[in-house]
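Peer 1: Quick mapping for you: the protein sequence lines, in order, are chains U and V. Quick note on my numbering: the first sequence kicks off at 1 and runs consecutively. Quick note on my numbering: the second sequence kicks off at 714 and runs consecutively.
Which chain V residues stay away from chain U? Per the calculated CB distances, all over 12 Å, these: (1) 724; (2) 727; (3) 728; (4) 780; (5) 785; (6) 829.
Selected chain U positions facing chain V (Cβ under 7 Å, derived; list incomplete): (7) 265; (8) 383; (9) 644.
Quick look at which bits of chain U chain V covers, simulated, 3 or more residues with Cβ under 8 Å: (10) 190 to 199; (11) 333 to 339; (12) 626 to 640.
No lab work stands behind these hints: they were computed from the structure. Source: prediction; values computed, not measured. Every residue gets a Cβ at the ideal spot worked out from N, C-alpha and C, and that includes glycine.
Spelled out, the chains give:
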Amino acid sequence: MSAVRDELSRRRFLQLAGGGIAVLVTLEAGWLAAQDHGGLYPSDFNAYLLIGADGRVTVYSGKIEMGQGVMTSLAQMAAEELSVDVASIDMVLGDTDRCPTDMGTFGSLTTRMFGPALRAAAADARSVLLALAAERLGVPKERLIANRGVITVSGAESRRVSYGELSKGQHIVRTVGEAAVLKAAKDFEVMGRSLPRIDARDKVTGAAKFTADVRLPGLQYAAILRPPAHGATLRHVDTSAAARLPGVTLVQRDDLVAVLHADPDAAAAALERVGADWTTAEATVDTERVAEHLQAVAQPKESTRRGDLDVARARATRLFESTYRKGYVAHAPIETHAALAQWSGGRMTVWASTQTPFPTRDRIAKTLGLDPKDVRVVTPYVGGGFGGKSADRQAIEAARLAQITGKPVQVAFSRAEEFFYDAFDPAAVVTLASGLDRDGRIAFWDYCVYGAGERGTAHVYDVPALRIRSAGAMSYDPSVPAPRVHPFAVGPWRAPGANMNVYAAESQIDLMAAAAGVDPVEFRLRHVTDPRMRATLQAAAAAFGWRPAPGPSGRGFGVACSTDAGSYVATMAEVAVDAESGQVRVKRIVCAQDMGVVVNPDGARMQIEGGLTMGLGYTLAEELQFRGGEILDRNFDTYHLPRCSWVPRIEAVLVANDAVPPQGGGEPAITTTGAVIANAVHDATSARILRLPMTPERVLAAMAARRARKSPA
Amino acid sequence: MNTSVTFRVNGHSTTVSAEADRSLLSVLRGELGLTGAKYGCGIGACGACTVLVGGRAVRACRATLASVADQDVMTVEGLAAGGQLHPLQQAFIDHGALQCGYCTPGMLLAAHALLHEQPHPSRQAIVAALEPHLCRCGAHQRILDAVEAVARPAGGVP
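All chains, please: the whole structure from these sequences, using the hints.
Peer 2: As C-alpha cells, then:
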C-alpha cells in the first residue's frame, strides 16, 4: 500500500517539479526510524526538497505554520546542510497535492522528527551537487567548497559553478535511505542563529493570508444551525422564513442545516430566522461537579510500578495525601476555525486552518465518498492552533456545502461556535500520596490522574517505590452511553495532560520539601541524578538569583521543573499575593530549557515566553463554565485570556547542549507554569493551592483554610 | 435598503453601496478586499479587527459602514507608505513581536493610535492601550518591548 502510494507520489512530483534535483527521504533507514518513538511518523518518504534551475531551493513539508516558527527553523535547517542562504529557500507547507504525507503538526515533533529528515535531504542534495560540480569542473570532489549556493575549487576561486547552473536540465531524483552525514553543531553557520522569522514581514503588512482571507469569485458564506448543547437532538426545524430572504441559499441535508449568502453578516442574520426545537438531556455534571464525576466514572489503570509500595509506605515517617484538580480550558486561538471549499471538475479543494492537512483530506474524502486523490487540502497561515486545530469539523462542513450547492463556500466559526466545538483541555483530578523517610528523602510516590492522560507523570526524581495510574485518559466517545468520562470533546492542548500532571507532581514535591525543611531547589537536586535536569535547574537558579531558604520563606519565590518533548525545563517565579483580594501578581519568571541543539535561539525563546504567558491563563483564570453539554462561555466577555498587564518580565535561558539533536520547544515551558506559580503562592502565603485556576476567591479560601489549621482548635 | 457611503481608505477615496448598518469589518474584508483586519470575536472584545478611523483605534466589527462616512480609515495595509515599513512594523519584526500573526494588525494599529495621541508613552500607558487586545501565542512581552522601542528609542526599559 505504502509502496504504491510512494510510486504514485514520486511520479506526480516529477511531473510537477519539471526538472532540477529532487531529494526524498525515507524513514526506513535505521537511524531515522530509531528516532520515531512509537511509530508516529509515516513510513513512506517524508521530505521533498527541490533545487531548481534558478538556484532557488523549495522545501515541501506537510507541516504547517501556526506561529511556532517552523517555516523559519525548517528553512534554516535546509539552508545549513545545503550551504545556501535562507533567503534562497521557498517553503511550501501543508498542501496535500504538493507536499509529502504528514500526520500533522503537533507534539513538538516538527523539529525532532521532520528536522532530521529534512537535514538529511539537504545534505544529500549538497553531495549530489558536489559530484556534479566535480564532473563539470574536472576536479575531485574533495577539492570543492560549497558556500552560499556556489561551488568553487579550493585555491582557484575563479573556477566556480552555481547550484542553479548544476540543476539546469537535470532530472535527478534521489532517495535518502542511509545515514546522511549531517553537519556538526560546531560547524553551523545558519542553524544556531537568531534569524528573523521569514513570515514576519507578511504578518506586519497584512499581506499574510489566513484561511478566511482567501477569496474566490461567487464565494458564499455559510451560517450553520448549531445545537444549544452537546448531545441535543433536533426535534423540528422551520426554515421557511430564512428561505424567503433575498440572496439566501438554504441547505438542509441530514444533520446539516445551513444558510448561505454572499455577505457573512447576512448569512448570520438569516440563520436567526431559522426556527428550531431541540431536546436536551438533563445535566448531570457541571463546572463544580466535574471532579467528583471524573472520579466516579473513570477506572484507574496502572501503567508504571517500581519497588514495593506497601513496604515503602510503611517505612515512611511522614505521609502526604493531596488531591489536585483543574477544569476544562479552551484553546481559544484568535483565528477561529475556518475553511473554504471549491468543488470543480470532480475535485474538491479545501483551504483550511488545520494542524492536520492530510488526515483532514482523508476525512473529507471519506465523508463525501471521494477518493483522497480527488481532495486537496491547502493550509494558509494558521492563526494559532495549540492542538485545537486538529479538529476539522469546519473543513468537512465547507466541503459538504460546496458539493451540495456547487458553489465555493466558506465556513468560518463565530467565536461562540469556536467555544462550542472546541476539543478542550480536559478537566482533571490527581490524587497523590507520597512520603518522606526519616532522612528526609522521598520514600514512595503513589499517583493517579483522572481525565487528563499520562503525559508529564514520568517525573525526574529518584523514588524507591512508585506507582502511576491513569483513569479515563482524554476519552470522549459520543457513542458510549452516559455517563461518559467527559461530557463533550476533549483533545490535545499544548503539552496535552502535562500541564495538570506537572502542576500536581511539582506541587507535591514542593510540599514535601517544605515539610522536610529543605530549600525547594536543594530538595529537587538531592533527588535528581539526571545531569541534564540538574544543569537546567542550576541554570535557572543562577539566572534567577535563587538564594536557598526553606519554604515558605515569605518571599513569594517558586520553582518547578519537568521534562517534555525531549527537552528539560526548570522555571522560577516571584509573585505577590494581595491578602485582601486574593489577587496573584506574577512579578518575574525565569525559565531555563535544555532542548538540545537550538536551531533558532530567539525563536526558541519566543516559544518559551509564549508558553509561559499562555500558561498564566490556565493558572490564574481560565476555566470553562458549562452545564452538562451546554457550553456557557461563548466569548471573551466571560472567558478571560492573559492580557498585557498580567505578563511579568520573562527571561528565557537556553541551556547549551549541542550533544543532543534539536528537541521540542513549543510545549515544555508551559507545563511548569501552574506549578511554579502555585509554589510561589505557597512561599508567599503558606497556603497550598489545590485547584486551578487560582482565582482570587480560591486563593483567599486557601489562605483561610491555612489559618484555620494553624489556629488552636 | 442600500445607501452609498463615501470615505477614504488608506488615503484613497472610495464609495461603497451597501446597507448602512453593515459592519465596517464586513465591508473592509468583503467589498474592499482588505483582509488585514481580522474577525476574532464579533463583540469588540479581542481587538483583532481594530482599524483607525480619524486616527483613533476603532473595533471594525462594532462600527457600521454609515459611521465612517467622510472619514479617514486606515487598515494595516496602509501602514507601510510606499513600501517603506512603518517604524512600528519594523520594531515588531526586530523584537519578534508576533507568532501566528493574527492579532498583529490590531496590535499595530492600537499602538499607532496611542503614539499619535501620546508620542512618548510610559510602559504603563502602552500596557493600558494594548490591554484590550488579545494575543493567544503569548507575544505580549515582545509586543510591549517593540512599541516601547518606537515610543522611547533612547531606552528606558524598566
